[in-house]
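A.B. asks: For reference, the chains in residue letters:
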Amino acid sequence: MSVDQLENQNPDVYTKLDERPSTLEEEDDSVVDEFDSREIFDLIRHINDPEHPLTLEQLHVVQEDLIDIDNGNGTVDVHFTPTIPHCSMATLIGLSIRVKLLRCLPARFKVRVEVTPGTHNAELQVNKQLADKERVAAALENSHLIKVINQCISFRARA
Amino acid sequence: MEQFQDIDDEHFSEKCSIVAKDIQRGDLTVLSLIENLGSLLTDTSATKRELGIAVLSEVLNKIPSNCLNAQELSVISSFYAEKLKDLHQVVPPSLKGILTIIEFENFPGQKVAVLLNALFHNVSCQQQQQADRNTIYRIFDLMSRRFSTELISMKLEFVYGVLQSIDGERDPRNLLFLFKWLKTFLGLVSLGHLAEDFFEVLACYFPVDFRAPPSEKGITRDVLADALLPCLTAVPDFGEFCIPLALEKLDSSLKIAKLDSLKLLIEGCRTFDSSLYLEKAPEISSQLQKEIFSNPTSDIKSLCLETMTATINKISSQADACEDISRNIVDTLKANLIPDSRFYQPSEDILYHVALASENSSKCVAKEIVPVLANMYVITSTMDKKLFTLRTLVKITKAYLKYHTSLNTQEIPDIAKVPILCVEAMNSNGISRKIGCDSLTAMVQNLPQEVRLKLYQYLRTGIHSPSENADLKKSELECLKNLASHYPSEVKLNVFEEDSKNSSILNSLTILVNLKEFRDFVIEHFINFLQNVETIPFTLDSMKDLLEREQSNKELIQAFLDKNLLDILIALALREDLTATLPNVSRILKLLIGPLDVSLQNEILERHLKVVYEKSARCHIYLIVLDGLVSALRRDIQVCYEVLELALEISLLSQDGDVQKVAVQLLANLINKRNDDEVFNLYLDEIQNVCLTSIKNDNLNIDPILTMFWITKALVMRNSAKGILWLDYVLKLLDEHNEAVEGLEIIMKDDYESLSSACHCNKLLIYRQKMFVYITNRIAEKYSTNKLFYSKATACLLKHTPSQAINMQYKKISKLILLCLETDEESENLNILLKIIKDTLLNDSALIEDHLEDYLTRILRLTSFKNSMQVRIKAIQCLVHFTSLFPLYKLIPFKSKVLQCLSDCIDDRKRLVRREAVEARSLWFLMDAPI
Numbered sequence: 001m002s003v004d005q006l007e008n009q010n011p012d013v014y015t016k017l018d019e020r021p022s023t024l025e026e027e028d029d030s031v032v033d034e035f036d037s038r039e040i041f042d043l044i045r046h047i048n049d050p051e052h053p054l055t056l057e058q059l060h061v062v063q064e065d066l067i068d069i070d071n072g073n074g075t076v077d078v079h080f081t082p083t084i085p086h087c088s089m090a091t092l093i094g095l096s097i098r099v100k101l102l103r104c105l106p107a108r109f110k111v112r113v114e115v116t117p118g119t120h121n122a123e124l125q126v127n128k129q130l131a132d133k134e135r136v137a138a139a140l141e142n143s144h145l146i147k148v149i150n151q152c153i154s155f156r157a158r159a
Numbered sequence: 001m002e003q004f005q006d007i008d009d010e011h012f013s014e015k016c017s018i019v020a021k022d023i024q025r026g027d028l029t030v031l032s033l034i035e036n037l038g039s040l041l042t043d044t045s046a047t048k049r050e051l052g053i054a055v056l057s058e059v060l061n062k063i064p065s066n067c068l069n070a071q072e073l074s075v076i077s078s079f080y081a082e083k084l085k086d087l088h089q090v091v092p093p094s095l096k097g098i099l100t101i102i103e104f105e106n107f108p109g110q111k112v113a114v115l116l117n118a119l120f121h122n123v124s125c126q127q128q129q130q131a132d133r134n135t136i137y138r139i140f141d142l143m144s145r146r147f148s149t150e151l152i153s154m155k156l157e158f159v160y161g162v163l164q165s166i167d168g169e170r171d172p173r174n175l176l177f178l179f180k181w182l183k184t185f186l187g188l189v190s191l192g193h194l195a196e197d198f199f200e201v202l203a204c205y206f207p208v209d210f211r212a213p214p215s216e217k218g219i220t221r222d223v224l225a226d227a228l229l230p231c232l233t234a235v236p237d238f239g240e241f242c243i244p245l246a247l248e249k250l251d252s253s254l255k256i257a258k259l260d261s262l263k264l265l266i267e268g269c270r271t272f273d274s275s276l277y278l279e280k281a282p283e284i285s286s287q288l289q290k291e292i293f294s295n296p297t298s299d300i301k302s303l304c305l306e307t308m309t310a311t312i313n314k315i316s317s318q319a320d321a322c323e324d325i326s327r328n329i330v331d332t333l334k335a336n337l338i339p340d341s342r343f344y345q346p347s348e349d350i351l352y353h354v355a356l357a358s359e360n361s362s363k364c365v366a367k368e369i370v371p372v373l374a375n376m377y378v379i380t381s382t383m384d385k386k387l388f389t390l391r392t393l394v395k396i397t398k399a400y401l402k403y404h405t406s407l408n409t410q411e412i413p414d415i416a417k418v419p420i421l422c423v424e425a426m427n428s429n430g431i432s433r434k435i436g437c438d439s440l441t442a443m444v445q446n447l448p449q450e451v452r453l454k455l456y457q458y459l460r461t462g463i464h465s466p467s468e469n470a471d472l473k474k475s476e477l478e479c480l481k482n483l484a485s486h487y488p489s490e491v492k493l494n495v496f497e498e499d500s501k502n503s504s505i506l507n508s509l510t511i512l513v514n515l516k517e518f519r520d521f522v523i524e525h526f527i528n529f530l531q532n533v534e535t536i537p538f539t540l541d542s543m544k545d546l547l548e549r550e551q552s553n554k555e556l557i558q559a560f561l562d563k564n565l566l567d568i569l570i571a572l573a574l575r576e577d578l579t580a581t582l583p584n585v586s587r588i589l590k591l592l593i594g595p596l597d598v599s600l601q602n603e604i605l606e607r608h609l610k611v612v613y614e615k616s617a618r619c620h621i622y623l624i625v626l627d628g629l630v631s632a633l634r635r636d637i638q639v640c641y642e643v644l645e646l647a648l649e650i651s652l653l654s655q656d657g658d659v660q661k662v663a664v665q666l667l668a669n670l671i672n673k674r675n676d677d678e679v680f681n682l683y684l685d686e687i688q689n690v691c692l693t694s695i696k697n698d699n700l701n702i703d704p705i706l707t708m709f710w711i712t713k714a715l716v717m718r719n720s721a722k723g724i725l726w727l728d729y730v731l732k733l734l735d736e737h738n739e740a741v742e743g744l745e746i747i748m749k750d751d752y753e754s755l756s757s758a759c760h761c762n763k764l765l766i767y768r769q770k771m772f773v774y775i776t777n778r779i780a781e782k783y784s785t786n787k788l789f790y791s792k793a794t795a796c797l798l799k800h801t802p803s804q805a806i807n808m809q810y811k812k813i814s815k816l817i818l819l820c821l822e823t824d825e826e827s828e829n830l831n832i833l834l835k836i837i838k839d840t841l842l843n844d845s846a847l848i849e850d851h852l853e854d855y856l857t858r859i860l861r862l863t864s865f866k867n868s869m870q871v872r873i874k875a876i877q878c879l880v881h882f883t884s885l886f887p888l889y890k891l892i893p894f895k896s897k898v899l900q901c902l903s904d905c906i907d908d909r910k911r912l913v914r915r916e917a918v919e920a921r922s923l924w925f926l927m928d929a930p931i
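First to last, the protein sequences are chains L and W.
Read left to right, the first sequence gives residues 1 to 159 (the working numbering).
Read left to right, the second sequence gives residues 1 to 931 (the working numbering).
Simulated from the structure, these hints should not be mistaken for laboratory data.
As the structure is a prediction and not an experimental result, all values here were calculated from the model.
Don't be surprised by glycine CBs; every beta carbon is placed ideally from N, CA and C.
Treat the hints with caution; some may be incorrect.
[Unchecked claim] Covered by chain W, per the in silico footprint, the following chain L stretches (three or more residues, Cβ under 8 Å):
1) 18 to 27
2) 104 to 118
3) 130 to 137
[Stated by the list, open to error] What follows is a list of derived Cβ distance ranges for each label pair:
4) W:864 with L:34: 15 to 21 Å
5) L:144 with W:197: 40 to 46 Å
6) L:142 with W:248: 49 to 55 Å
7) L:110 with W:251: 32 to 38 Å
8) W:385 with L:154: 40 to 46 Å
9) W:864 with L:142: 32 to 38 Å
10) W:895 with L:34: 26 to 32 Å
11) L:144 with W:895: 21 to 27 Å
12) L:31 with W:842: 27 to 33 Å
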């Protein structure tokens, strides 16, 4: 990123959650594990922030209780919270979350990624951009943009 | 001499060797050589002179170092000294010559000064090339090793010369050499008024900032920095320049500068005068504190703390000053010791390390801090904050105890509270109990009696009740052990005095067994416990655990035997009402008998064998005792054939599965240890016949076949001639009796206790590798006839084969593995196969790379294997490894296929599978993505 000046120079850093412990039920082959919000959270918490060498989880951009999932209807709603209200990276972060979920969730889920209400100046615009399939697809064709997104969602070794 | 035309001649060195040999033989003298060279050496052309000197130097290099006498050497060295004044072109070969002649045994010491003066006055070292500079440094090095007295007598002249020569050296190779040499050099000479100049020359390299080119293996920044450090601290004279330098660089923002400065300060404590440190101590300590508070990286922080300890330790000889500094630090930091404070942890670290430094500082810190913290402990409300302060208290107290033999309550009245607070913490819940207990363990020697008594009481309830918290139990036992080693009689009286009988008291006792005062005490307890039917089972349990832990402790085993434990145990085992404890008794017998020597084992055998044998012949379950008695005997003792026959009979006929297993393993054990003679061979034939008849009689029972497998294993393990015959035979049997395929597992598995070296069995080192190769070759031959069976057989074989053997044989069995992957439907076998593929991927991926597509398609099939999630997980993990191990161009053709397949896996019904699938899919997506 060619950013001359960091927008948020001193973000608050939060501690990371531990790796999800596996339960006996999960080890049991006969039980069906439904998707839950923690699982979605685990998918997106390691995404890197475009500005800082930190993950979205550490910056509390994504939080487990801001994720809603409905297995029956096949919908996933993710709300993310930009660190500052005028963050210009909000769309990029939203796009990264979208792409990550697009690749890692089964196609039967309809994914909606939105800014947590009241946390960003241009909330409506960002939400509209992220919901527009055409625009998302076009953005992913942009070779520079996809590079940045890949950097954000590239895998880091699990602890 | 005309043959020497050119210094670049490829035969130059050879020609010199010929001349050198002539001199050695006496056909030619050095003098005549020089005469012959005369025209060359005095030629008007510098190139010719260079050639002449090169010849001379090279020849001198090739003759043995005792060939020349002092007079000759003296002349030659004068000549070289002259030549140094010649044109620059002539200097390099002259330097080589000098390096050569000073190595000669008879080299006269008085010439050293002449040579060096010529060198210093006529050759400007830094204008030479790297190799020639190196030669000069090697001359210095060699001279200081051989002619140190002459060099010392040159005094400052030599120092100045060296100073000028090395000033400005930039080549890392030369620098490394120099740094190593300078250590000895600085120890050799006194620098006088040149100390500061010399230090400046060295200090310009500090901190070493050098990025080694990737091709350079040997010399790195760290190597250079480590070499420079001892030079900077080599002499006390450097101290007054060195400490300010370190402090200045510590202030820099570079991490390596900070680390190197700290190391310099620590290292300096060894040589520099303590008054220097005393003068700078306030500055050092304040700068260190600043670093510790502002620096999150742990390596700088820990090095700072170490420096703090070293510095204060250095000035501790001046009691007043040391105390002043310590008090200063304590006063600044005291205010931070509030559990909520952000600075609590760093302040605690600093105080602890100050206290660690010396007697004075530890006293000073303890005196100031203990009352504050003790008070803090009382006034804080929540337990976890209390623990915080307690932990600090204990740390400071420990540091105090490092320099004081006891808790001096007159000096510091509050320090007596520390153990009391620990005891108080133990009355609370789990974690604080453990911390209290650990703290007391560390202070055991210094506990006042009333604390000890409370502690005994606590420990007694602790060890008499079974514990729910393993960590706490461990701390308690550790504490008990420490107490017992210092106050044995008190512990016996206060902790174990009651006559309660339960298992946890025995387990606590076993950890004391290695304390001299307690061994008999413990053994008596065990034997007492064996008197009572109710306590026997758990007593045997903990006795077994104890002996397994202390297998090599001969004294303990002897102590048990001295108390007639064997008789007691065997009498116990042969009772009718205790058959459930037989396996434990058997194990204990083996552990006791195994380490003894032959005569003692014989004695035991004579006393007990008859009774036990007769009992087990009548009632088969007692064979377990018999097994305990005979299977750990040494090879020199040959047990009579009746025992073998009984074991064979039981292994073929017994209905009780456990007893049958013991019998067959006992049989294998004895056969493995038998002497290889005529009788034995006949006996083996007889066994074979017996087994075959019983196979014929009862077609469904696979016990006889497995028995034969066991015997085969016993034979191949000792590399017996009969082994391979038996192996062929059982493999043939296997063709007809596919259900006995687990026999292959018996052959490959290595951790059977009955055939271990603790039982003195014969064991060929690589018998499993040998068997694996042999059997896989046979299976590979026959594979096509019965695919399903052989794929199962392959899996059975692979389960216990060491991975090295698999790797070596992999090419041969890869076809088998591929077919197994394709046809096998048993999750257990697939699991083993996938694990092996994973190991092979990591060890030697080329084996897989050659058949990438074959493996990939089969593994993809298994990512949706219905019956077992473990198989799915392992298959997906293999896909993950693929991305990192193989070149991109080989993987790209499969990318869309793999992603398609994984899109099903990320909707797997098991979460653990999904987790792996998500990882794999991301990696395959990003494999060739622009980043």
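A.B. asks: Determine whether the Cβ-Cβ distance between residue 142 of chain L and residue 248 of chain W falls within the hinted range of 49 to 55 Å.
C.D. replies: Given about 51 Å between the Cβ atoms, the range holds.
A.B. asks: Given the range 26 to 32 Å, decide if the beta-carbon distance of residue 895 of chain W to residue 34 of chain L lies inside it.
C.D. replies: 30 Å, holds
A.B. asks: Can the suggested window of 32 to 38 Å be confirmed for the beta-carbon pair residue 110 of chain L and residue 251 of chain W?
C.D. replies: 58 Å, violated
A.B. asks: Cβ-Cβ distance between residue 385 of chain W and residue 154 of chain L: within 40 to 46 Å?
C.D. replies: At roughly 42 Å between Cβ atoms, residue 154 of chain L and residue 385 of chain W fall inside 40 to 46 Å, so the hint holds.
A.B. asks: State whether the coverage of the segment 104 to 118 of chain L by chain W holds or is violated, taking the criterion as 3 or more residues with Cβ-Cβ distances under 8 Å.
C.D. replies: Per the Cβ count (5), the hint holds.
A.B. asks: Taking the CB of residue 144 of chain L and the CB of residue 895 of chain W, does the distance hold inside 21 to 27 Å?
C.D. replies: 23 Å, holds
A.B. asks: Taking the CB of residue 31 of chain L and the CB of residue 842 of chain W, does the distance hold inside 27 to 33 Å?
C.D. replies: 31 Å, holds
A.B. asks: When I compare C-beta atoms, does the segment 18 to 27 of chain L have three or more residues closer than 8 Å to chain W?
C.D. replies: Since three or more residues must qualify, the claim that chain W covers the segment 18 to 27 of chain L holds, with 3 doing so at under 8 Å.
A.B. asks: Holds or violated: the segment 130 to 137 of chain L covered by chain W, criterion of 3 or more residues with Cβ-Cβ distance under 8 Å?
C.D. replies: The restraint on the segment 130 to 137 of chain L is violated, since only 0 of its residues have a Cβ under 8 Å from chain W and three are required.
A.B. asks: In this structure, is the beta-carbon distance linking residue 864 of chain W and residue 142 of chain L contained in 32 to 38 Å?
C.D. replies: 35 Å, holds
A.B. asks: Residue 144 of chain L and residue 197 of chain W, beta-carbon distance inside 40 to 46 Å?
C.D. replies: 58 Å, violated
A.B. asks: Regarding residue 864 of chain W and residue 34 of chain L, is the given constraint of 15 to 21 Å on their beta-carbon distance met?
C.D. replies: Check passed, 19 Å falls within 15 to 21 Å.
Against the hints set out earlier in the document, violations occur for numbers 3, 5, 7.
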